[in-house]
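Colleague: These are the residues of each chain, in order.
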Amino acid sequence: MIPSNMHQSAYKHVSGASVYVDDIPVQDQMLTGFVVYSPHAHAKIVSFDLSKAQALPGVLAVLSAADIPGENNLGPIVHDEPCLAENEVSFVGQAVFLIAAEDEETARAAADLIYVEYKTLPALISLEQAMAQNSLMGPKRTIKRGDADKALAEAPHIVKGRFKSGAQEHWYLETQTALCLPGEDDELFIHSSTQNPSEVQAVVAEALNIARNAVTVETRRMGGAFGGKETQAHHVASWAALLAQKTKRPVKIRLFRDDDQIMTGKRHPFIIDYEAGFDDQGMLLALKVEQNADGGAATDLSFAILERAMFHAENAYYIPHVSITGRVWKTNLPSNTAFRGFGGPQGIAAMEEIIDRIARFLKKDAAEIRQKNFYQLDKNNTAPYGQVITNNNLELIYNRLTDSSGYFEQRREVNGFNAQNEFAKQGLALMPVKFGISFTTSFLNQAGALVNVYQDGTVLVNHGGTEMGQGLHTKIRQIAALEFGIPLESVIVSATNTSKVPNTSATAASSGTDLNGMAVKNAVERLKFRIAFQLAQYFNEKYGVESTLDSHVMFKNGAVFDATDAARTVSFKEAVQICYFRQLPLSATGFYRTPDIYFDREKGAGHPFYYYAYGMAVSKVEVDLLTGNHKLLRSDILHDVGDSINPDIDRGQIEGAFVQGLGWCTTEECKWDEQGNLLNHSPDTYKIPTIRDIPRDFRVALLKDVPNPGTIRQSKAVGEPPFMLGISVWLAIKDALSAVAAHQLEPELNLPATNEAILLSIENLRRRQSEHI
Amino acid sequence: MADTISFLLDGKVQIIDFSRQSHLKPTTTVLQYLRDLPGHKGVKEGCAEGDCGACTVVLAEPDKEGGLSYKAVNSCLLFLPKLHGKQLITVENLQDGNGNLHPLQKTLAEQNGSQCGFCTPGIVMSLFGHYKSGASAERDEIEDTLSGNLCRCTGYQPILESAQLTLTDVHSDHFSAEQEETRAVLNAISKDSLTLKTETQVYYLPTYLNELLRLRSKYPQALLVNGSTDAALRVTKNHELLPAIIDSSNVRELKEVQASGGKLRFGSGVTINELLELTKERFPAVSKMCKTFGSKQIRHLATVGGNLGSASPIGDLAPVFLACDARITVQSVNGLRKIRMNDFITGYRQTALRPDEIIRSVELPLIKPSVLIGAYKISKRYDLDIATVSAGFRVELDGDEIVQNCIAAYGGMAAVTSRAIKAESFLNGKKWKRETVEQTLPLIRESFTPISDARSGAEYRSVVAGNLLLKFYLDTQNK
Ligand SMILES: Cc1cc2nc3c(=O)[nH]c(=O)nc-3n(C[C@H](O)[C@H](O)[C@H](O)COP(=O)(O)OP(=O)(O)OC[C@H]3O[C@@H](n4cnc5c(N)ncnc54)[C@H](O)[C@@H]3O)c2cc1C
Ligand code: FES
Ligand code: FES
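Those protein sequence lines, which keep their order, are chains A and B.
So the first sequence is residues 159 to 931, counted in the numbering used here.
So the second sequence is residues 40 to 518, counted in the numbering used here.
Worth flagging that the hints you see were computed from the coordinates, not collected in a lab.
Source: prediction; values computed, not measured.
Hints may be right or wrong, so weigh each one.
To be verified - Computed cross-link-like contacts, DSSO-like style, restricted to lysine-lysine with a CA-CA straight-line distance of at most 30 angstroms:
#1 B:Lys330 - A:Lys829
#2 B:Lys407 - B:Lys103
#3 A:Lys302 - A:Lys322
#4 A:Lys789 - B:Lys472
#5 B:Lys319 - A:Lys277
#6 B:Lys230 - B:Lys327
#7 B:Lys276 - B:Lys103
#8 A:Lys322 - A:Lys170
#9 A:Lys170 - B:Lys51
#10 B:Lys470 - B:Lys407
#11 A:Lys530 - A:Lys318
#12 B:Lys145 - A:Lys170
#13 B:Lys276 - A:Lys202
#14 A:Lys522 - A:Lys318
#15 B:Lys472 - B:Lys327
#16 A:Lys170 - B:Lys110
#17 B:Lys470 - B:Lys103
#18 B:Lys294 - B:Lys330
#19 A:Lys789 - B:Lys330
#20 B:Lys276 - A:Lys210
#21 B:Lys236 - B:Lys51
#22 B:Lys330 - B:Lys407
#23 B:Lys276 - A:Lys829
#24 A:Lys202 - A:Lys404
#25 A:Lys789 - B:Lys327
#26 B:Lys327 - B:Lys461
#27 A:Lys789 - B:Lys319
#28 A:Lys521 - A:Lys308
#29 B:Lys276 - B:Lys302
As the list claims (entries may be wrong) - Listing some non-contacts, in silico: residues in chain B with all C-beta distances to chain A over 10 angstroms:
#30 Ser45
#31 Lys103
#32 Ser215
#33 Glu219
#34 Ser229
#35 Thr237
#36 Glu313
#37 Tyr387
#38 Ile417
Idealized CB from N, CA, C, for every residue including glycine.
Produce the complete structure using the sequences and hints provided.
Modeller: Structure, rendered in structure tokens:
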């Protein structure tokens, strides 16, 4: 029996029994799919010859764009991303040809036999270059309130600067993988490691020129995703499907780690120019930000990501006059894509830099400046896009966290340490996150479920969400069991499958439990309604007294009973059997759409979020001034998840997101050479945190006794918000650097703050310091 | 000579005859082999280069104390012949005969130590290796144990907590119960030298030094390997077919260790993990470099000979061996030669070795109390990262604190491990104090024109190279 809060696959995970796409047994008929990609950032495909590769024994198919029967597209929203490059390649790693062969070795040999002639073209391989050459991906977006220019002109003080953040590779442990099994007629069954089975189904159907009802996509679990499999799992699935359609044999494609890193998009690099006005007390008066995102070579989700960055440009602070402009720029790099936080981290990091600069300017503790500017409860509580911020827990969290972390005492200790140490400095930072929950593309906020009850009293649940480790299926199972009043063991949540629940949204935007949990609850309620109706009749017939009303029938402790008459009770299993013999359908679909959300892009105004999630972190670091290395001494986190459905899983999400966030802020760096080749294309040079990089002292707590009205079991989404708390580590490093020049100079430090960036920032401070004197 | 390998897996002696099993080559990795079996899909590929730990398995072999030694290793870097005479343990083998999970599996699951689960089998196996080798629940040791296991989901905290729980309460398990039998089975496997041949490859696995030397002289073109952590990448990443391999990892003479009169001599087949232990007391600078060398799994495989033999400019041992004035003994069928570390590396990935020679052993001479030695490694991440810059320093101080025989050796600053000669001569004859050291820093920076690459820019390398000397100075003052 699985302890109630445990991840439902945990015992399988630890014993190696969990099945991922690459583990699914297939017959000997299976072929290895192989992708040949562009070695150039931008080039014309002058000519190519596949005949030698095709002639190699063991090769079953070699395809180019010309062999795609349907639309040559992978783009989920804008159809600007070819499935296979045609005429022109626009980034290193773009798929050009596909090979199906008996084994990998043969496929590689075939790839070597392909002749292609490219004519290279000028390429844009950085955001700066794209901005300089006005390579816009689409029109700019704006959100405005009041008159920021005027307020800035009148403000007593101004900070102005440029914030930059780098790309982040998802580094899911399981690389992109898909297995496609051809069936009768046009039918295809695809096992895909995707967050978005319905969209894989759509993209495959369009590329293969077949109807969607011929394509079934199933996702049991992913070995991590983090947004990287929201749209970009479409690629391998489509390629495998094209090869399977052509060869009529099962085809599997599993990207090699380096290829995955080279071919797929990353977290968007951002350049944010900001200007903020404030008064002597540190109250924010005006904010003007220009956000620029590196979209890569195709649109993908870039505009939605930009939008979220814009929605979070002011983070947790009320600012009367605001002007936010956002642009996506087109470069010759893989199309950047969703990654936990979805633009939020970039927008928020820039805002937090502003607050720190204000604090340093005014020689005040940054935590106090933050608290002063928090959105308030009954005034100063409207976001720049017009949404009123309700159920705001910022002040509450601030009070509890400064207390539990001993923030002010830690501050004194840090000051003491810094006074005594010449070659090491400590830094401390507190930062909040306020994160809007809902897909900002409003129609995506819908979910479906299918709940089947069987005659032995067991329940099978399917829903539109996918399991990537976040524990969604575990929570859904808890919800179904709780709603039916039956033990967990009676419920199974099985693989996500487009033939069971159609037209689903991606499992993204932290919304998995919010949406699918409600849909499952809806299905369960419909079943309970039917059962209750029958059971009332049954009790009344059996006892010969018409005293049980439908509304008396309760589901609890594995029984179905009349709450007003203890004698009238049957087990859940008996209830199900009674319904079966009375010819009642024991299967129901459920549906949910989030109410009251809308956003007008033209006006930059609306109510895009159902609610907000809040959290706060305090981090303390020590920086070695000679090497730029830092130690993360302690992090305290207090996070608001409403009434947690599963505190253990929620804690896991917070810890995991925080550590991923600190990776983005510190050691994770992507660099490209001038030809647009990714230099950090394997874990040899791309460094995600290891066990030694987490806080020495790591204290995570859930905010207690603050239920969230209107959501499933009054809980809150948790997947993304704590990612942003990792920014506290960067802020703490900056605080330590600030001590180098006795807090007189603003340290320059962008993201990621590698030891290199830190040491060079120290050098820069020392240079400026000597110029000052 | 036999041409099959034998090893224990799933309670049975498995025999692979490469001349018959056409889909297996001697350079097929253990990971590839396991993933093709129906019952071992728990072993995952996350990178195929030793950098993620998802493929971690444990190898057990009889030890000198009458028990078994257990080592967690990366199966993606392990050529099949390396299984010969050993027990291969995967995550599927940990449950006991009644299907009960191993305590460390159970705790890891119940403490929420897994989310997506893809890293989990590897984490379990690393912890298992530790559990079976005199485990300690110290945080630092757990971190060492898991230094080669990446997890992208959990943030490690629950893994750490679960490991602390299980390791404070170590029990005998079904492996303990089967120990005698396992030893007997493994001891019964012949340790004779092997020549494994397929149509395209030949793989020699000699048992004795004289055989190794003979093979080396007869086939100078063949690739000599020991741990093959470097060599395996040529197969897994570059997809090379290595036609001829001489694997020296079974040669016992290369594992010999002698310590006397403050000197330490160790064979080239000593692993980094063994070196870490051997040098803890008398050569702490060497031990320190071993601690940040790769990961625990890599340290179990990688050898001293392989590190020096690859002559990489970012190899971790060369700078500290220079500082220790190490002597390298090389050997061929024609006899032995001693080469000072200073003369051993001759160019980018080139050594003073003649084609028929191998590295036999390394000697670290006695370090007098007047000699100060320090070693530093700068990498983007502490664990499992190749050096951006590494350094080995030595100063000898007379009664007046005057520096003599200074060595400032750097890795990562040039195409070969190099010394900052200008800085050394400047320091020699001067007083060992902060001012002199600070005056030396620009000389260090001037000594090199480092490159910018994936790991860092040139400027950082220059600045930090100088700073490391200051750091060394400060460390000598803090003693
Ligand atoms: C994931 C990973 C992390 C790593 N981290 C580090 C690190 O932190 N620091 C570091 O320095 N290196 C690191 N390495 C590189 C490598 O592990 C080391 O260089 C190691 O010491 C090589 O030893 P080996 O026995 O595995 O060598 P092998 O791969 O067996 O051989 C390497 C080379 O040395 C030669 N050689 C081997 N034995 C002898 C001998 N007896 N005589 C002459 N030549 C010989 C071989 O011919 C070959 O050219 C890492 C490698 C990987 C894959
Ligand atoms: S697969 Fe990553 S270490 Fe072996
Ligand atoms: S649990 Fe997903 S990588 Fe560790």
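Colleague: A separate judgement is required for each hint: does it hold in the structure or not?
Modeller: The hints, checked one at a time:
Between B:Lys330 and A:Lys829 the alpha-carbon distance is near 28 angstroms, which keeps this suggested pair within the 30 angstroms criterion. About 33 angstroms separates the Cα atoms of B:Lys407 and B:Lys103, which puts this hinted pair outside 30 angstroms; it is violated. With a C-alpha separation of about 23 angstroms, the suggested pairing of A:Lys302 with A:Lys322 holds against the 30 angstroms cut-off. In summary, the hint linking A:Lys789 to B:Lys472 is supported, as the alpha carbons are separated by about 28 angstroms, within the 30 angstroms threshold.
The hinted pair formed by B:Lys319 and A:Lys277 fails the criterion: a straight-line CA distance of about 58 angstroms is larger than 30 angstroms. Of the supplied pair hints, the one linking B:Lys230 and B:Lys327 is violated, its CA atoms being roughly 35 angstroms apart against a limit of 30 angstroms. A threshold of 30 angstroms between alpha carbons decides the hint, and for B:Lys276 with B:Lys103 the separation of about 36 angstroms lies outside it, so the pair is violated. Taken as a hint, the A:Lys322 and A:Lys170 pair is broken in the structure, with Cα atoms around 42 angstroms apart against an allowance of 30 angstroms.
Of the supplied pair hints, the one linking A:Lys170 and B:Lys51 holds, its CA atoms being roughly 24 angstroms apart against a limit of 30 angstroms. Taking the CA atoms of B:Lys470 and B:Lys407, the gap is near 19 angstroms; set against the 30 angstroms cutoff, the hint holds. This hinted pair checks out: A:Lys530 and A:Lys318 have alpha carbons roughly 20 angstroms apart, not beyond 30 angstroms. Simply put, B:Lys145 and A:Lys170 have alpha-carbon atoms about 10 angstroms apart, close enough for the 30 angstroms limit, and the pair holds.
Only pairs whose Cα atoms come within 30 angstroms are accepted, and B:Lys276 paired with A:Lys202 is accepted, the gap being roughly 29 angstroms. Taking the CA atoms of A:Lys522 and A:Lys318, the gap is about 18 angstroms. The hint holds against a cut of 30 angstroms. Restraint check for B:Lys472 and B:Lys327: the C-alpha separation of about 24 angstroms stays at or below 30 angstroms, so the hint holds. Proximity of A:Lys170 to B:Lys110 is assessed by CA-CA distance (about 24 angstroms); at most 30 angstroms being required, the pair is judged to hold.
Between B:Lys470 and B:Lys103 the alpha-carbon distance is near 50 angstroms, which puts this suggested pair outside the 30 angstroms criterion. Note on B:Lys294 and B:Lys330: the hinted pairing holds, with a Cα-Cα distance of about 20 angstroms set against a maximum of 30 angstroms. A threshold of 30 angstroms between alpha carbons decides the hint, and for A:Lys789 with B:Lys330 the separation of about 17 angstroms falls inside it, so the pair holds. A C-alpha spacing of about 25 angstroms is found between B:Lys276 and A:Lys210, which places the hinted pair at or below 30 angstroms, so the restraint holds.
Distance restraint check for B:Lys236 and B:Lys51: the Cα-Cα separation of roughly 24 angstroms lies within the 30 angstroms cut-off, and the hinted pair is therefore satisfied. Distance hint between B:Lys330 and B:Lys407 is fulfilled; the C-alpha atoms sit about 24 angstroms from each other, no more than 30 angstroms. Taking the CA atoms of B:Lys276 and A:Lys829, the gap is near 20 angstroms; set against the 30 angstroms cutoff, the hint holds. Straight-line distance between C-alpha atoms of A:Lys202 and A:Lys404 comes to about 27 angstroms, which keeps the hinted pair within the 30 angstroms bound.
A hinted pair counts as satisfied when its Cα atoms are at most 30 angstroms apart, and A:Lys789 with B:Lys327 qualifies at roughly 18 angstroms. Of the supplied pair hints, the one linking B:Lys327 and B:Lys461 holds, its CA atoms being roughly 27 angstroms apart against a limit of 30 angstroms. For the suggested pair A:Lys789 and B:Lys319, the alpha carbons sit about 24 angstroms apart, so the restraint of at most 30 angstroms is met. For the suggested pair A:Lys521 and A:Lys308, the alpha carbons sit about 26 angstroms apart, so the restraint of at most 30 angstroms is met.
For the suggested pair B:Lys276 and B:Lys302, the alpha carbons sit about 40 angstroms apart, so the restraint of at most 30 angstroms is broken. No beta-carbon of chain A is positioned within 10 angstroms of the beta-carbon of B:Ser45; the least distance is around 24 angstroms. The claim that B:Lys103 is not at the interface with chain A holds, since no C-beta of that chain comes within 10 angstroms of its own (minimum 31 angstroms). No beta-carbon of chain A is positioned within 10 angstroms of the beta-carbon of B:Ser215; the least distance is around 20 angstroms.
Taking the minimum C-beta to C-beta distance to chain A, about 26 angstroms, the non-interface status of B:Glu219 holds against the 10 angstroms cut. Once the 10 angstroms rule is applied to beta carbons, B:Ser229 is consistent with being away from chain A; the minimum gap is 31 angstroms. Distance to chain A confirms B:Thr237 as a non-interface residue, since its nearest Cβ pair spans about 14 angstroms, more than 10 angstroms. Annotated as non-interface, B:Glu313 keeps its C-beta farther than 10 angstroms from every C-beta of chain A; the closest such distance is 22 angstroms.
Against chain A, the non-interface label of B:Tyr387 holds: every CB pair exceeds 10 angstroms, the least being about 19 angstroms. Non-interface call for B:Ile417 relative to chain A: violated, since the shortest CB-CB distance, roughly 6 angstroms, does not exceed 10 angstroms.
Of the numbered hints given earlier, the model fails hints 2, 5, 6, 7, 8, 17, 29, 38; all others are met.
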